[in-house]
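*Asks:* Please build the complex by placing chain Z on the supplied structure of chain E, with the hints as guidance.
If you're matching them up, the sequences are chains E and Z in order. Position 254 of the first sequence, counted from 1, bears residue number 1532 in the working numbering, the numbering being contiguous throughout. Position 39 of the second sequence, counted from 1, bears residue number 1317 in the working numbering, the numbering being contiguous throughout.
Among these hints, one or two may not hold up.
Copies of the same chain look alike in the list, so a pair counts if it works inside one copy or between any two.
Taking lysine to any residue and the SDA-like style, the derived pairs with C-alpha atoms no more than 20 Å apart in a straight line are [what the hints assert, rightly or not]:
#, residue 1, residue 2
1, K1354, P1564
2, K1507, K1551
3, K1425, D1405
4, K1304, N1361
Just so you know, the hints here were simulated from the structure itself, not pulled from any lab data.
2 protein chains.
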Amino acid sequence: MISIGVDLGGTNIKSALIHPEKGVIKNVSVPTEAGKGLESTLNRIASAINELKDVAEDSVKGVGIGAPGMISLDRKSVYNPPNLPGWDHVELAREIHERTGLNALVENDANLMALGSARFGSGRPFDYFIMLTLGTGVGGGIIIENKIFRGATGAAAELGHISIDYHGAECNSTVPGAIEAYLGQRFLSRNAANEIEKHPENQLYKDFSGDFSKLEPRDLSEAANRGNKLAVAILEDAGRKLGYAIVNYVHTLDIRKIVVSGGVANAGDFILKPAYQAAMERLMPPFRTDFEILPEILSQEAALLGAGTLALENL
Amino acid sequence: MISIGVDLGGTNIKSALIHPEKGVIKNVSVPTEAGKGLESTLNRIASAINELKDVAEDSVKGVGIGAPGMISLDRKSVYNPPNLPGWDHVELAREIHERTGLNALVENDANLMALGSARFGSGRPFDYFIMLTLGTGVGGGIIIENKIFRGATGAAAELGHISIDYHGAECNSTVPGAIEAYLGQRFLSRNAANEIEKHPENQLYKDFSGDFSKLEPRDLSEAANRGNKLAVAILEDAGRKLGYAIVNYVHTLDIRKIVVSGGVANAGDFILKPAYQAAMERLMPPFRTDFEILPEILSQEAALLGAGTLALENL
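Just chain E, with the same shape it has in the complex (with noise of 0.2 Å):
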C-alpha cells in the first residue's frame, strides 16, 4: 500500500507517491499559481494527485496534505493558510475527493515535517521529540509517543510564537519577543544589518551596504564559514536565543530531543552550537542529561515524507 503526500506552498505544490518504507517513490511538482484563486489551484492540486495516481504501481490509499495555517480538529479543513489569498475556509478534503475520489487528510505543515522526521529523517530514533523549522518563520511540530500532539483543537505547537522577552522585538506575531523575531529569517537578516551597518570596515558592509535587503542568512553562514567574526558574533547572538526558547519548551513539555530543519538551520554549528550552549547553561539539572539539538537530515522532502506517513497511518 502507498500513498499521496501533497506539500501545499504559497509557491509551489510539490507531490509525491509515497513509500511506507521506501519514502519517496516519484514525484510532481507544480507553481501553486495563488492568484489565480482558490478553484485554479484546487485544480493544480488535484491534476497533481491525478497523475501520480495513475503511475502509480500499487493501489493508493488516500492523500495527505501539508498546509500552512490553521487545520480543523478532524483534519478536513483549512483556515486562511498564510499566502493563499481567498482560502479563508477550504473543505480541502472534500475538494480532493470530489476531484481525485481519494479519501484526503490536512495537516499542518510543520507537524508534518515532524512526521516525516519521525519515520525518516533525524527524529526516527526517538519517540518524543520537538521539530523546529526555522525558514520564513518560526514553525514546530511536537511527537509525543510517535505522534504528532496536537493539543485540544489541532493547533498545538506554535512553537515561534513563543516570547522569550515580554517587552521584546516586534515581528509579524502578536506576541513581542517571539522567537521568529530573532530567527525567523526577515529578521534575522534585518538584525544582522542593523549590526553590519555599525561596522564599515567589515567586508560584510562592504559587500551589502548598497542594498542590505539583500542580505540573507546564507550570506552570513558563509561569511562565517570564511572567518568573518561578525557574522560569527550574529548568529551565535541568534544561536543563543533559541536555546533560550528551547529551554522553555523543554521544561514544558519534558522532551529533550531537538532537530532543526529549514533554511536558517543550515548555517548549522554556527546557530546550533551556541543554541546548545545556551540551554544546557539555563535547564534545570535533570533537563540536561540526554539533552540533544540535531539538525534534520532530510531537506525538502520532510513534509512531503509526513503528508503521505499521514494519508498511510490515518486513512
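*Replies:* Only chain Z this time, still in chain E's reference frame:
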C-alpha cells in the same frame, strides 16, 4: 474500593482516605519533622497510612503519594525533594510497601493537584487543562486527555521555570526571567517591597517599612481590597507577567483552560484579571476562542485528592 492519598511536604505530612466519588473521607496530618532524617519521616508517613488503613470501612487499593521534586518514570522513586534533607534518592514506593503492606505510587505534587482538580475541582469539565500552583514557588501540571502529561521521563510541566525575559530577574532557578521570579511568593513580596519603598506616603510603607520581610502577598491583596492603588498596581504587574507566561504555554500546547491554585492565587481577580487581559492581547487570534483562566475551587485538598486518585486509577 478506596485509597489512601498522602501529601508529603517539608512541614506537614497530610494523608487521607479517598473515595472516588465522595473524595476525602477521613484525614490525618502529622508534622514531617524533616530534621530528624529520612528513617523518621518514612516511619511517620507509614504510621499515618496504617492509622487510616485500620479505620477504613472499605478495602484499600493502595497509596498515592505527592512529593516535591523529581519522580522516576515508574513512579516509585523520589530524587532530591526540596525541604527534605537527606532524601537524595529514595525508593519511596518500596519503603512504604515494607512498612504498610500496601502498594504505592509517587507523583510530583503539582501534577497531583492537577489530577485532583480534574476529578474533583475546577478542572472537572475539561479533558485538557493546565494547572498552575502559585505558592512559595510556581509549579504546574498538564492534563491531556484527562490524564497527567508526564513527558519523556516523567518531569514535564516545570511551568514556573519558563522564562518571559531572557535577560530578566534571577530567582532560585537556572532560568533568568523565569515566571517564578515574579510570581513566587518570596519574589512577589520582595518586588513589592522595592516598589513600596519608593512611596513613603503609602499606607503599606507605613505598615511594613520597619520590616519589609514581613510583607506577604496576602497583605497586598488585602490592601488592594481596601482600595490601595499601589497594591493594585503591583498585583496587576505580576498578573500581566503571568499572562505572558500563559501565552507561551498556550501556543506550545494548544490548551486553553488555565486553572490557578495556591496562596498567591488568593489575590484572585487582582492577579487573574490582568493575567487574562495580557494573555488575550498577545495570544494569536485562533487561540483566544474559549480561552479561560479559572481559580481552583478546592483549597489544600487538591493534592491529597489527586494522590488518592493516582492510586485508585493506576494500582
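*Asks:* Give a verdict on every hint.
*Replies:* Verification of the supplied hints:
In this assembly of identical chains, K1354 and P1564 lie within 20 Å of each other by CA distance solely across copies; the values are 17 Å between and 40 Å within a copy. Taking CA atoms no more than 20 Å apart as the test, K1507 paired with K1551 passes inside one copy only; the shortest distance there is 16 Å, against 48 Å between copies. Taking the shortest alpha-carbon separations for K1425 and D1405, both the intra-copy value of 8 Å and the inter-copy value of 19 Å come in at or below 20 Å. Proximity of K1304 to N1361 under the C-alpha cut-off of 20 Å is found in neither arrangement, the shortest distances being 26 Å within a copy and 61 Å between copies.
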